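S.K.: Here the protein sequences line up with chains A and B, keeping their order. Residues in the first sequence are numbered from 42 upward in steps of one, following this note's numbering. Residues in the second sequence are numbered from 14 upward in steps of one, following this note's numbering.
FYI, nobody ran anything at the bench for these hints, they're computed from the structure. Treat the hints loosely; a few may be bogus.
Below, simulated DSSO-like cross-link-like pairs (lysine-lysine); rule was C-alpha separation at most 30 Å, straight line [stated by the list, open to error]: (1) Lys141(B) - Lys192(B); (2) Lys152(A) - Lys170(B); (3) Lys235(A) - Lys170(B); (4) Lys154(B) - Lys235(A).
Computed spacing ranges between beta-carbons, pair by pair [stated by the list, open to error]: (5) Leu71(A) - Ser203(B): 43 to 51 Å; (6) Ser71(B) - Trp240(A): 29 to 37 Å; (7) Asp131(B) - Ala141(A): 55 to 63 Å; (8) Ala150(A) - Thr295(B): 44 to 52 Å; (9) Val248(A) - Ser173(B): 50 to 58 Å; (10) Asp193(B) - Phe81(A): 20 to 28 Å; (11) Met169(B) - Phe280(A): 39 to 47 Å; (12) Gln165(A) - Gly64(B): 41 to 49 Å; (13) Glu223(A) - Asp278(B): 54 to 62 Å.
Coverage of chain A stretches by chain B, computed from C-beta distances (three or more under 8 Å per stretch; other residues unrestricted) [what the hints assert, rightly or not]: (14) 213 to 226; (15) 230 to 241.
Small disclaimer: the values here were computed from a predicted structure and weren't measured. Note that the Cβ used here is the ideal one computed from N, Cα and C, for glycine as well.
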Amino acid sequence: MATTADAARAAITGRARGGERSTRSLVFLLLLWLSLLIAFGVLVTLIVTIAQDGAGRLDSGLLTGYSASVPEEAGARAAILGSAWVIGTTAVLTIPLGVAAAIHLEEFADKKHWFNRLLELNIQNLAAVPAIIYGMLALGFLALLGVQNKNVVIGGALALSLLILPVVIIATREALRAVPDEIRQGSLALGATKWQTVWRQTLPSAVPGIATGTILALSRALGEAAPLLLLGGLVYVTFDPNGLLSGFTTLPIQIFNWTGRPQAGFHELAAAASVVLLVLLLAMNALAIFIRNRYQHRW
Amino acid sequence: MTSETSTGQDTTHTGNGRAQTGVHIDPSAVKTGRPDRSLSDVPDPVIECKGVDIFYGSFRAVSDVTMLFGRNEITALIGPSGCGKSTLLRSLNRMNDLIEGARVAGVIAYHGQDMYADDVDPIEVRRKIGMVFQKPNPFPKSIYDNVAYGPRVTGMKVDSMDDLVEEVLTRAALWDEVKDKLGQSAYGLSGGQQQRLCIARTIATRPEVILMDEPCSALDPIATAKIEDLMHELRDDYTIVVVTHNMQQAARVADRTAFFTARPDEQTGDRTGMLVEFDRTTVLFTKPADKRTEDYISGRFG
């Protein structure tokens, strides 16, 4: 009897192979930490460098000045407003469409039908298509409509909407799927219709998840330059965009433009504008996290 | 008494083109487990099942159930796991329609109207025949809105929603505990309170029948006792069908009890649920006619 107890004690106190404190486990843990450190290090370096480079131009002139031929007079006002216009329009175009598509696929469509499975597969594929392809698509679409000047807010918003629509659909579907079936059943058992159940129970319960996913998708669109460049967004804008058909430039394009100039002053400006862009992105992501933590349901 | 107008009429087993009304069952044809007894004493049956088979795809989950659910009675469905009692219950208000591939053959009639006829709207069926689930499932809303939800979505004419909410919460023996926090989330209530809220929510739409699917299995004994008391009180106004795997509970609350078991299908080998015996609870528990019932209630199997 005593020997069994001794063996049992030894088994749990010794440094068994594969145990939590074995050398292999520690090495593995160390590697994980190293990976994290590398990723984090790169990010910190980037931010610190940009902040240092742009520090001299992080002033009110950056926010109020328009494009100019001399770096001292130039600012990103038109680009900031352009970004706001394009992202705002993108949100208006994408959210109703994406949420409606997701509700159909998740709540109404027969998920086993081959057509819906094909749709689902394609939506996932579309989420992985390079951004520039969507720029080409929007370009082709506008050309088909006979639009001469393609660098208009609605054109840019169209390209970015196509880009993030799959992401919004996928995020919304996941949020809807996370709502427990008991809620739907409880509603249907009271004599609610399927539509009432979606509109009054499932969708409101899924709003935090939908908002989070949508904001993250929009912040991806905010940082995107490629599809807009294709539409001719690399222009010299010295006015505030004021409508859907207004010409525009956006922050990423403005940064791209300034980085390509030979003068060092413009490089400084590009770094400063990058800081502004980063702050905007960070603010949007923070809002997404806030919404998630504040409104998420614990079932 | 509607049970007088019995017919032995044949019904199609396809579910297509069915619109006949006045489907009634000859009570003497209902299998009680003892040849000398019929169920002609089931008072004014609200729901009648005749030769009911329930399928999931090609799998037959329940086979040939014929029984009656009498007005203002509590009928308990008992039996081991997998005997099809929950499946049968969910078919009584067409909640089983929500499961893909689910199909009912035979007749389930509500006041003589075939519930699965083509011109029957399942939404309307569920407004008449409410359901309380195994796990309390309040909506992520306030206590007040949980109760008011049913009347609102069904477009019920309500003079004063406040009065209705108070009335049904009182009826569900919950008013005193929640009257000061009607605006708070229903998720803050205990499990037993949540289940009573779900019962209140169900009776708010003025159904005639309440189906309960193991309503106490997630609750402690004290909360269970409260639900059972509540069931006794509700019996005056409602017809109640309760699935339970707790035999003591069936013995305590039910006027009549149906015992189900599962047997392997001769052709497919699937385990198919079947009704063994249906009788007054006192009879079923004291003098069961079938050996399988006796074995089950004496704890020898299941």
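S.K.: None of the hints should be skipped; say for each whether it holds.
M.R.: Outcome of the hint check:
1. Lys141(B) - Lys192(B): 27 Å, holds
2. Lys152(A) - Lys170(B): At roughly 37 Å apart (the allowed maximum being 30 Å), Lys170(B) and Lys152(A) break the hint.
3. Lys235(A) - Lys170(B): The given pair, whose Cα atoms are some 21 Å apart, holds under the 30 Å limit.
4. Lys154(B) - Lys235(A): The given pair, whose Cα atoms are some 19 Å apart, holds under the 30 Å limit.
5. Leu71(A) - Ser203(B): 43 to 51 Å: Given about 47 Å between the Cβ atoms, the range holds.
6. Ser71(B) - Trp240(A): 29 to 37 Å: 35 Å, holds
7. Asp131(B) - Ala141(A): 55 to 63 Å: 31 Å, violated
8. Ala150(A) - Thr295(B): 44 to 52 Å: With a Cβ separation near 51 Å, Ala150(A) and Thr295(B) satisfy 44 to 52 Å, so the hint holds.
9. Val248(A) - Ser173(B): 50 to 58 Å: 30 Å, violated
10. Asp193(B) - Phe81(A): 20 to 28 Å: At 50 Å between Cβs, range violated.
11. Met169(B) - Phe280(A): 39 to 47 Å: Distance hint for Met169(B), Phe280(A) is violated at roughly 58 Å.
12. Gln165(A) - Gly64(B): 41 to 49 Å: 47 Å, holds
13. Glu223(A) - Asp278(B): 54 to 62 Å: With Cβ atoms ~31 Å apart, the hint is violated.
14. 213 to 226: holds (count 4)
15. 230 to 241: Since 7 is at least three, the answer is holds.
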